[in-house]
Amino acid sequence: SQQGEEDPQALSIQEGENATMNCSYKTSINNLQWYRQNSGRGLVHLILIRSNEREKHSGRLRVTLDTSKKSSSLLITASRAADTASYFCATDAGETSGSRLTFGEGTQLTVNP
Amino acid sequence: DAMVIQNPRYQVTQFGKPVTLSCSQTLNHNVMYWYQQKSSQAPKLLFHYYDKDFNNEADTPDNFQSRRPNTSFCFLDIRSPGLGDAAMYLCATSRDPGIETQYFGPGTRLLVL
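These protein sequence lines are chains A and B, in that order.
Residue numbers for the first sequence follow our numbering, beginning at 1 and rising by one.
Residue numbers for the second sequence follow our numbering, beginning at 1 and rising by one.
Just so you know, these hints were derived from the structure itself, not from any lab.
No experiment lies behind these values; they were computed from the predicted model shown.
Mixed in with the good hints there might be a few duds.
What the hints assert, rightly or not - Straight-line Cα separation of at most 25 angstroms, PhoX-like style, residue types lysine-lysine; simulated pairs: (1) A:K56 to A:K70; (2) B:K52 to A:K26; (3) A:K26 to B:K44; (4) A:K70 to B:K17.
Stated by the list, open to error - A partial selection of chain A residues facing chain B, derived with a Cβ cut-off under 10 angstroms: (5) Q9; (6) H45; (7) A78; (8) R80; (9) L101.
We put the CB at the ideal spot given by N, CA and C, even for glycine.
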């Protein structure tokens, strides 16, 4: 079954508001990553949080990780119309042959001007 | 500046007609991945190469093959495309095992008629 599940599936907010997306997973992980995908494009890496970290910041992004609950959240503060995209969490169990990511189903974020 | 390049961006093929998608990278990364992403779904890993070592996912159909003739190039061959193979195919790279961030190309959208 899919490792990552995200909610909400879709989120619509006004410019300037904060957006919070959640991700849950099932098995032990080495790290959890968040990616962004504009419509019809490839994925862009946003932020990585390791299993021994609880919170991480990057610009307007804040990611939390709770390994006891097997969940993570991505907060985008002061959203902009350009933040409109799909956001995916991806878990990495950590293998020697390469980083194998298992993606969640994604949250479609729409930021209205 | 393009780091992971996929050609073509759009590919139309006929049912049962073999098709090859290509990916090249200027990052000199050791690991290259192929993902399949169907509409509004999560990217799904098909296989990856760590250098010349091929790692197939257990549920990847035999219809899908891959070649990596050198560090820079990786190909996805679909031997007999079916209607269900219509999807976005994403190529990604990572520097080494244990270096977790993946860099994605823009994707090739495959249409099967």
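Unsatisfied constraints (hint numbers, rising): Violated: hints 2, 4, 7, 8.
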